[in-house]
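Sequences listed follow chains A and B, in order. The first sequence begins at 1 in my numbering and counts up one residue at a time. The second sequence begins at 461 in my numbering and counts up one residue at a time.
It should be emphasised that the hints constitute simulated quantities derived from the structure, not laboratory data. Hints are supplied without guarantee of correctness; some may be wrong.
If you want the ones that stay clear, here's a sample from chain A, every Cβ over 12 angstroms from chain B, calculated [claimed, not checked]: (1) 201; (2) 212; (3) 347; (4) 377; (5) 410; (6) 448; (7) 451.
The calculated label-pair distances, taken between Cβ atoms and stated as ranges, are [claimed, not checked]: (8) A/288 with B/672: 39 to 47 angstroms; (9) B/729 with A/93: 46 to 54 angstroms; (10) A/391 with B/597: 39 to 47 angstroms; (11) B/623 with A/244: 39 to 47 angstroms; (12) B/828 with A/93: 36 to 44 angstroms; (13) B/729 with A/233: 49 to 57 angstroms; (14) A/84 with B/597: 36 to 44 angstroms; (15) A/335 with B/635: 51 to 59 angstroms; (16) A/100 with B/581: 35 to 43 angstroms; (17) B/587 with A/430: 50 to 58 angstroms.
Idealized CB from N, CA, C, for every residue including glycine.
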Amino acid sequence: MRPETVIIVGAGPAGIRAAMVLAEHGIRPVVLDEAPMSGGQIFRRQPQGFTRSYAKLYGYEARRAEALHTAFDALGPRIDYRPGALVWNVEGRRLQVLRDGVNETLAFDRLLFATGAMDRVIPFPGWTTPGVYTLGGAQVALKHQACAIGRRVVFFGSSPLLPLVALQYAAAGVAVAGVFDTTPRRAKIAALPGVLAGGTTGLKGLSYLARLALKGIRYHHGITPVAAIGDRTVTGFAYLDAGGRQHETACDAVAFGYGIKSEWQLADLAGCRFAFDADTHQWRVETDAEGRSSVEGIYLAGDGARIAGADVAAETGERAARAILADTGGPDQGAALSTIARRLARHAGLRQAIDRAFPFPAHLAREIPDDCILCRCEAVRAGEFRAAIAALGPDEVNRAKAFSRVGMGRCQGRVCGPAAAEILATELGRPVSEAGRLRSQPPVKPIPIAAFQESKGDAA
Amino acid sequence: MTGRLSLDVAIIGGGTAGCAAALHLARRGLSVALFERRTVGSQASGVNFGGVREQGRDFAELPLSRRSRRIWDELPALIGSDGEFMATGHLKLARDEDQMAVLEAFATGAADYGLAVERITGNRLRADYPWLGPKVIGATLCRSDGQANPRIVAPGFGQAARRAGAQVFEHEAVRHATRDAGGFRIETEAGRQVTAATLINVAGAWGATVAGWFGDAVPIAPRSPSMQVTEPLPYRVKVNVGVVGGDVYARQTPRGNVIFGGGQGWNDMATITSRAGETEVMAAMRRLTGILPWAGGAHVIRTWSGIEGFTPDDLPVLGSSVTTPGLLHAFGFSGHGFQLGPAVGEVLAELVLTGRSETPLAPFSIERFGGVLAASA
Numbered sequence: 001m002r003p004e005t006v007i008i009v010g011a012g013p014a015g016i017r018a019a020m021v022l023a024e025h026g027i028r029p030v031v032l033d034e035a036p037m038s039g040g041q042i043f044r045r046q047p048q049g050f051t052r053s054y055a056k057l058y059g060y061e062a063r064r065a066e067a068l069h070t071a072f073d074a075l076g077p078r079i080d081y082r083p084g085a086l087v088w089n090v091e092g093r094r095l096q097v098l099r100d101g102v103n104e105t106l107a108f109d110r111l112l113f114a115t116g117a118m119d120r121v122i123p124f125p126g127w128t129t130p131g132v133y134t135l136g137g138a139q140v141a142l143k144h145q146a147c148a149i150g151r152r153v154v155f156f157g158s159s160p161l162l163p164l165v166a167l168q169y170a171a172a173g174v175a176v177a178g179v180f181d182t183t184p185r186r187a188k189i190a191a192l193p194g195v196l197a198g199g200t201t202g203l204k205g206l207s208y209l210a211r212l213a214l215k216g217i218r219y220h221h222g223i224t225p226v227a228a229i230g231d232r233t234v235t236g237f238a239y240l241d242a243g244g245r246q247h248e249t250a251c252d253a254v255a256f257g258y259g260i261k262s263e264w265q266l267a268d269l270a271g272c273r274f275a276f277d278a279d280t281h282q283w284r285v286e287t288d289a290e291g292r293s294s295v296e297g298i299y300l301a302g303d304g305a306r307i308a309g310a311d312v313a314a315e316t317g318e319r320a321a322r323a324i325l326a327d328t329g330g331p332d333q334g335a336a337l338s339t340i341a342r343r344l345a346r347h348a349g350l351r352q353a354i355d356r357a358f359p360f361p362a363h364l365a366r367e368i369p370d371d372c373i374l375c376r377c378e379a380v381r382a383g384e385f386r387a388a389i390a391a392l393g394p395d396e397v398n399r400a401k402a403f404s405r406v407g408m409g410r411c412q413g414r415v416c417g418p419a420a421a422e423i424l425a426t427e428l429g430r431p432v433s434e435a436g437r438l439r440s441q442p443p444v445k446p447i448p449i450a451a452f453q454e455s456k457g458d459a460a
Numbered sequence: 461m462t463g464r465l466s467l468d469v470a471i472i473g474g475g476t477a478g479c480a481a482a483l484h485l486a487r488r489g490l491s492v493a494l495f496e497r498r499t500v501g502s503q504a505s506g507v508n509f510g511g512v513r514e515q516g517r518d519f520a521e522l523p524l525s526r527r528s529r530r531i532w533d534e535l536p537a538l539i540g541s542d543g544e545f546m547a548t549g550h551l552k553l554a555r556d557e558d559q560m561a562v563l564e565a566f567a568t569g570a571a572d573y574g575l576a577v578e579r580i581t582g583n584r585l586r587a588d589y590p591w592l593g594p595k596v597i598g599a600t601l602c603r604s605d606g607q608a609n610p611r612i613v614a615p616g617f618g619q620a621a622r623r624a625g626a627q628v629f630e631h632e633a634v635r636h637a638t639r640d641a642g643g644f645r646i647e648t649e650a651g652r653q654v655t656a657a658t659l660i661n662v663a664g665a666w667g668a669t670v671a672g673w674f675g676d677a678v679p680i681a682p683r684s685p686s687m688q689v690t691e692p693l694p695y696r697v698k699v700n701v702g703v704v705g706g707d708v709y710a711r712q713t714p715r716g717n718v719i720f721g722g723g724q725g726w727n728d729m730a731t732i733t734s735r736a737g738e739t740e741v742m743a744a745m746r747r748l749t750g751i752l753p754w755a756g757g758a759h760v761i762r763t764w765s766g767i768e769g770f771t772p773d774d775l776p777v778l779g780s781s782v783t784t785p786g787l788l789h790a791f792g793f794s795g796h797g798f799q800l801g802p803a804v805g806e807v808l809a810e811l812v813l814t815g816r817s818e819t820p821l822a823p824f825s826i827e828r829f830g831g832v833l834a835a836s837a
């Protein structure tokens, strides 16, 4: 029997751990990663020629980041690693992969999606003004490129990244104009026992708050964003405090976000079944207890399967790799899988506490003002979206997209999709889980026509 | 959802033609219900290129397309929306002398139907359309052709039909229909029992299945257009562009996106899914730059498809059943029904109300496919 071709998409904590486990067992996986260097978003490496230390780059996570990078580099020829590879379609048992301007068709027998996550946002007035970033984007600018997004920065939203990124900016010498959490203080207090029970990870999270306080940076609870102020660039941030009084804080940049959302577009194209996850308030790909999707031979791991952070991602990466080993006639993986299950169980309580401490404020999406841009790719305002719903009566979000252009642009609704679904659900008077999920369409990210001309790429 | 309905007219299929028929019949005071297995305009009517084109049609279709073209100008009054229709013109390109002869033959014949088509060659071609690739040697332009947004046209007719009093049931497929002395008896997947004096089959790629229930034989092949769209580019191509043979076609929306297609993707009728198909997508990108080289610097941001019904001669079935009084068919528009839809709705309403149409329908008779199923089986 010919050896099976196993492809891993993504070289973050989940994809790396999976590749390590497969390599240990004599399988040489193809590892495709869109980024030019391995590590994923969380352990993203600095560009060539940058010389900051691990301690400076990754703080508490320095040892783990270094261990991950070292372990991946040590795999060497035991894996077929292809960085800078955009997988833009799955059809049958084939991937279309664009790399260095050349397209290639790759056949697979088993496929592991370790595709990670992206920032989740809710549009608010002024969010397309230059100077407004996502929390993740602000963090990447600092960690990867050693740039700050501004000199005096407002951070707001509802996300574990909120205190962390604010603190990283403060540590880098940037003036933090304020940290504004949309979650009420009582929700944080209610989540506290779960966080405390979560061991060192939970304590680390709490320490961010303490260190912000030590630096004299105020952490506001229960705020409502009103607008990023400014015409050609951000000059301030207006918000309502927990008591409903409006304030304005001067700043030259804003970073905001509401947690992260799984990047599952490829799994969608592969035909995997989805379910709405109430805890994280988003759609996710259904998997069994070991990461198998509903489609034979397709597996998921990491934040692309369920938002749970880097530690869990590595565990689920190993779990999926062991499922692949078991499914390809390898040795029994029962003992190893039980060990992983026990470790994951320890994370579950903390994860639930974090989900509760930083819930998705769906009401902010439902109340987006009519004149606020909802879909920035297609420049559609929330009021135009509501008008299209009223005029043509869509009963789910793909219809609403067809009628309004919301989600039809180059991001395919990755950015505005969650908010659009909330607005539609409000107009329909139904829970958001019944408003549906924007279907993915190939290519999952834009592809250059130039790569497909006669002189280049695939001869097919 | 169970219940009984007693109707003057039942319509199977929620494309533009079915919705337009429902609109006209409801306005004339008839009780009408339309049943659509998914949502209005979700297949051929909604996923097509958006070309509102008469140029290049079989001459047999021109009386119908001429009639439809007049309705496109009147959409705001008819359905309360213009469907984003713009008379941009359609430029059909020749890449060799034989193709140019095809274009000129059409231009000459179309004049008999009152359709103006201009020949454009030589320096004028390069002066008027400087973005054309060097392989293009000539073209014909039909200025009255144009483009519209297929995603909103059929739903616009559907909403107008509702406002006129028609019942439009979405996500409700018809399981079966029969006819007896009391008229048509229709049962939907939701368990609804419907009786109707007249039944209109506008079920697109599924039209042959419905026709088959009554012994009308039509060979229909389901096909899926391979469609793509680029990111917005500077607005340059202000006419629709097609080629003789139709292996690539393109238009640019005023906001800048280039919509193009060519070839067939794939579909699965069991699950009612369709895709543009990666092989066709990649091939169409090459063909696009053959006629519009400047698009070679753009990115494709999305591809899509749907399911259309094709007949062996690429002409639709439009008219009465051979076997069953009171049964009307309009399907099999073979990938070029978007422009015709509004007129087909009018014709169907005429046939229901008067038994005849002012538009010649003989070329579209279902009889050309050899009559009844029992005889052909």
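ask   = Which hint numbers does the structure go against, in order from smallest to largest?
value = As far as the earlier hints go, 4, 5, 6, 7, 9 are violated by this structure, in ascending order.
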